[in-house]
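These are the residues of each chain, in order.
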Amino acid sequence: MIINFTLNGRPRKMDVEPATLVSELLRETLNLTGTHVGCDTSQCGACTVLFNGDAVKSCTLLAPSLDGAALTTIEGLSATSGSNRLHPMQEAFHENHGLQCGFCTPGMVMTAVALATRNPVPTEAEIRHGLEGNLCRCTGYQNIVASIMAGAVAMNAPAIGE
Amino acid sequence: MSSIIGIGKAPRRKEDFRFLTGRGSYVADMKRPDMTFGVFVRSPHAHAIVRGIDKTHALASPGVQAILTGKDVAADGLGSLPCGWGIHGTDGLPMKEPPFPMLAQGKVRFVGDMVAFVVADTLKEARAAAELLAVDYEVLPAVVGVLEAVRADAPLLFDDVPNNLCCDWELGDKAAVAAGFRKAAHVARLSLVNNRLIGNPMEPRAAIAEYDRGRDHYTLWTTSQFPHVVRFLMAALVLKLPEQKVRVVAPDVGGGFGVKQFHYGEEAVITWAAKKVERPIKWVADRSEGFVSDRHGRDHVTEAELALDENGKFLAFKVKTLANMGGYLSTFGPNIPTNLYGPLLSGVYTTPAIYCNVKVVFTNTVPVDAYRGAGRPEATFVLERIVDVAAAEMKIDRIELRRRNMIARDAYPYQTPVLVEYDSGDPLGCLEGALTAADAAGFGARKIASERAGRFRGLGFSTYVEACGLAPSRFAGRLGARGGLYESATVRVHPTGQVTVLIGTHNHGQGHETTFAQIVSDKLGVPFDSVDIVFGDTDRVQFGMGTYGSRSLVVGGAALSKASDKVIVKGKKIAAHLLEAGEHDIQFETGVFSVAGTDRRKSFAEIAGAAYVPHDYPLEILEPGLEEQAYYDPVNFTYPGGCHIAEVEIDPETGIVTLEKYTAVDDVGTVINPMIVAGQLHGGIVQGVGQALFENAVYDEVSGQLLSGSFMDYCMPRADHLPNMTVETHSTFCTHTPMGVKGCGEVGTIGSPAAVINAVVDALSHLGVHHVDMPATPNRIWRIIQNAAIPQAAE
Amino acid sequence: MKSFAFHSPETVPDAFALLNDVSESKLLAGGMTLLPTIKQRLAEPAALIDLAKIPQLSEIAVDEDALVIGAMVRHVDVVTSALVRSKVPMLVHLASGIGDPAVRNRGTIGGSVANNDPSADYPAAVLALDAIIVTDRREIPASTFFTGLFETSLEPSEIITSIRFPIPSTAGYAKFKSPASRYAVVGVCVAKAGGSVRVAVTGSGPCVFRVPEMETALETSFEPAAIASIKIGAAGLNSDIHADAEYRAHLITVMAKKAVAAAIQGL
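Chains as they are written, first to last, in the numbering used here: chain A, 723 to 884; chain B, 1437 to 2231; chain C, 5 to 271.
Derived from the structure by calculation, the hints contain no laboratory data. Bear in mind the structure is a predicted one, so any value in this text is a computation, not a measurement. Misleading hints may appear alongside valid ones.
What the hints assert, rightly or not - Facing chain B, from chain A, some residues (calculated, C-beta under 7 Å):
| no. | residue |
| --- | --- |
| 1 | 776 |
| 2 | 815 |
| 3 | 825 |
To be verified - Computed, partial: chain B to chain C, Cβ under 10 Å:
| no. | residue |
| --- | --- |
| 4 | 1567 |
| 5 | 2067 |
| 6 | 2143 |
| 7 | 2152 |
| 8 | 2153 |
| 9 | 2157 |
| 10 | 2213 |
Glycine is no exception: its CB is placed at the ideal position from the N, C-alpha and C atoms.
Here chain A stands alone, though its shape is the one from the complex:
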């Protein structure tokens, strides 16, 4: 079936087999392999993407549901294409050592961006609660929480002219 959607800010028209998960579409067809699959029970959150701005697990979303929607993946997060500029949340993860092996990182960052968009000044407890759908085995979460604290501040800081 034909679906029309916005992928990382650009319009996209695709012919998809309905029984296709968005995680599969991204990884196998679109070569956007930053969205990772870490489980088969919708528990780990490594595949989290932004669907109309909401954090959702792309392993539990069907490709046909993309029709008419806007999808953002980790590859499309930093706005300036072709540059090494990071999104403030990515920058905060870098500064605060919020990642180790990197596998859960895309899902963590996407969840964090959605969280900080909804809640610009999250408390530590709110961040920890907000991460209940994302597993990390490396960091013990401490530096991820610190990263999101810092990233939320940076995301919501008034833009400094340049």
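Mind docking chains B and C on chain A? Use the hints.
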């Protein structure tokens, strides 16, 4: 402007950018032209005879390229999966070592044991065909627990392994221990279970294999912590291929924790099959598949006795353990509960006599092998738990009892009664530091506040020492290692003076690309940004034993340090020539070669340039080029240690244990990058907390099915289960590693289970509780409270 | 996943027609249970009929003395709805504890109620508030809706369109969640409407159930203490590796007390 960033600094990680932007390259991300897909057919039974496999329907399924079974393996004369350690029993005889076939030969011995491999054009087709494969099983009774497995009437996994006993192993002086117990004023006794864990790195295992007929050459991309070892074991021992015809690549790997430091049957099967189908094959494990095929960890049943004199001095320690090996011997399997366990039972104490007996037992479960800490958390748990039991029984303060028995800082080097000699340490310093950092003095007030709210509060201590930096090869060889345990590094200086390091360890989250670059930046005085680290490819890196046992910095970093030193030595020779001075008059500091006492100097880049453009160069005595390699074999293990303090609160109504505070003061030797060390500690501690409070691999005792086979039932620690931790270092310096480093990858996991459980027991001590098995789940704690003889004090 | 067809009707009658006409078809709401089930090949529908493009199923409104929540209203919509917060704040608390943020961003009340998972949260609220399940053809009282393990009184091809919650005097929900799956090990919803009290328990049995003894006690005195000594029998309760039946029985009383306390505070 990039600059030198050396040892002790905390630059942000070089590897972050690709991971943060979704541009990492994990095996599952890769595609090869004309790639096929493989699916393993696994046993649904814990123990069964495979009477026959009918491929007819499956072969007729669309897209199928090949279906391979144990029969095909036998027909090709392939070997079985090797065990890297051969230990010996009390009778002096070698351990029982039945073959571990890569695809089942006539029998399956655990749920998840591999029976067949199906290759098809698409993953869907491979799955569909796998469902059509008709395997005729004759189901046999299964045994999953070690206590049951050694009973006379237990089902036998292997006809020639009586009582399912792989090895009856011992360490220590039995007579000296008996003498110690005869003198004892008090004997503390403890029976405990060390729960079975599943490592669950977030990236599931995966592999892609490809055969090039033109070159008669194989390439295997695999999620491995040690690609060179996989190549050696697979090529030489399993597939019997020329080693130079096989390339093994472990690209970005999403966490290992030991789970990826074994040679798995999947790697051998897919490589073998790639030649048969002459197309690349990709296999990616589902998480559910990982649960029943990734090697599990821990799983001990232990009885311990500690003899003390009237002042609480430890006289002798005796430990008897049954250790679960699962259905077969995995790569390091029998080494973990023996050599990495017994020698750690001295801990930070001066116990003069120790005896340890370990019965290594086969059961119908996933093979058990190393998981972060591997043997050492189990040893620490036994020791630190029984010290608390003894303190309670003798009514001696827990801290005071530990102080009385600790090895003094000036007593190092210290020879323990269980093989190892500690080179350095300061257990008391770590303990005092932790007491301060944890505000142990304020605990009483916090406990009263908890009691007012109807909750029980407990404080738990654990000291520990770990033997890591695996390993001195000669020593390991005496213990049964069948391979060497050195590491290698090449420092390749380019004509520009920029540097590529080729190293045999593997980075899967530890930050090696940053830490190793700091070492080179520090030693050679080159900018941090001018150093890149290459790892994980047997065609690019000379050799390596990989990353496990907290060895990368200790052993690999030492090789890198030595190779850097060699670069400096050669650079001095070149500089002496160019500066027309004697070699001994050349000084090297922060990237500049100079003649002592003069202003004559050459930069590191100038020397590199001269080495590659040798117009003015001592070609008669010196080769051009600037590239040096070093292999380093450690002279001893390193012995990080420390003190961890956990503070918990228990809601007696629900039994929920909340970790309120966690403090660790660790002696990890020289710290290269404090940011990365803290990250390693955080992660390690949480894995230990996971064992203590949440994680448990549970098998059905009758069917042998894994009941905790997904994240729905196997409870991984989550962000909202945990507090922020306080992590500090209190370092003494290793006396035998080049930079004084000791390793930090596993320490968090080693100290934490005992600290948490000691806190839980402390919180329940007013109820007469003296031990709680892991994990301390709400149900278990509630039950303990219900069963406690004394009425609930806080209610 | 096996192949299936995908339909996106824009009206409820169209959805019904498809469901009725296409064999082995299933409704897709948020998909939080259905998609994992299909992925594990425990269900193999020939067609999915997606309800996402039927706008009126996503409305939240007050109708006389009832809060009406459309079947396709997501958990996150309940959490962020000022209307729900002002009328039945308990539902905000309940919805905010379902699954995790990504589940709440997709999962719907209609899907949860129709699925009747024994450890889902919403059935407890539906039963305690004595809600009406409104379908494309009738109104089903909660008391006759939940019939067993994953079983409801929905007919084949019947479509839930909304849940009609009578606005209670007060209500509270307390959940002991599985630390692994986040599902309810025990969830208790207590609702007071005038002089009548209902206590509904999820996570503990094959299906959500009421506890009349607690209801009577709370009708006399709406205080946690009124039910503190009521012991629930363990017979028939679920038992698994996380919680045995006796522990669940104990937790029902504990969670019921917490739910009453929450109701008193108006949470």
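Structure-based check of each hint:
1. Using the Cβ-Cβ criterion of 7 Å, the hint placing residue 776 of chain A at the interface with chain B is not satisfied: the shortest such distance is roughly 19 Å.
2. The closest approach between the C-beta of residue 815 of chain A and any C-beta of chain B is roughly 6 Å, which is under the 7 Å cut-off, so the hint is satisfied.
3. Interface hint status for residue 825 of chain A: upheld, as the beta-carbon distance to the closest one in chain B is roughly 3 Å, under 7 Å.
4. Interface hint at residue 1567 of chain B: satisfied, since its Cβ lies 9 Å from the closest Cβ of chain C, which is below the 10 Å cut-off.
5. The interface hint given for residue 2067 of chain B is violated, since its Cβ lies 45 Å from the closest Cβ of chain C, which is over the 10 Å cut-off.
6. With a least beta-carbon distance of about 5 Å to chain C, the hint placing residue 2143 of chain B at the interface is held under the 10 Å criterion.
7. The interface hint given for residue 2152 of chain B is met, as the beta carbon of that residue sits about 7 Å from the closest beta carbon of chain C, less than 10 Å.
8. Given hint, residue 2153 of chain B at the interface with chain C, holds; its Cβ is 9 Å from that chain's nearest Cβ, closer than 10 Å.
9. Against a cut-off of 10 Å between C-beta atoms, the interface hint on residue 2157 of chain B holds, since the closest Cβ of chain C lies about 7 Å away.
10. The criterion of a C-beta within 10 Å of any C-beta in chain C is met by residue 2213 of chain B, whose closest approach is roughly 7 Å, and the hint holds.
Violation of the numbered hints given earlier is confined to hints 1 and 5; the remaining hints are satisfied by the structure.
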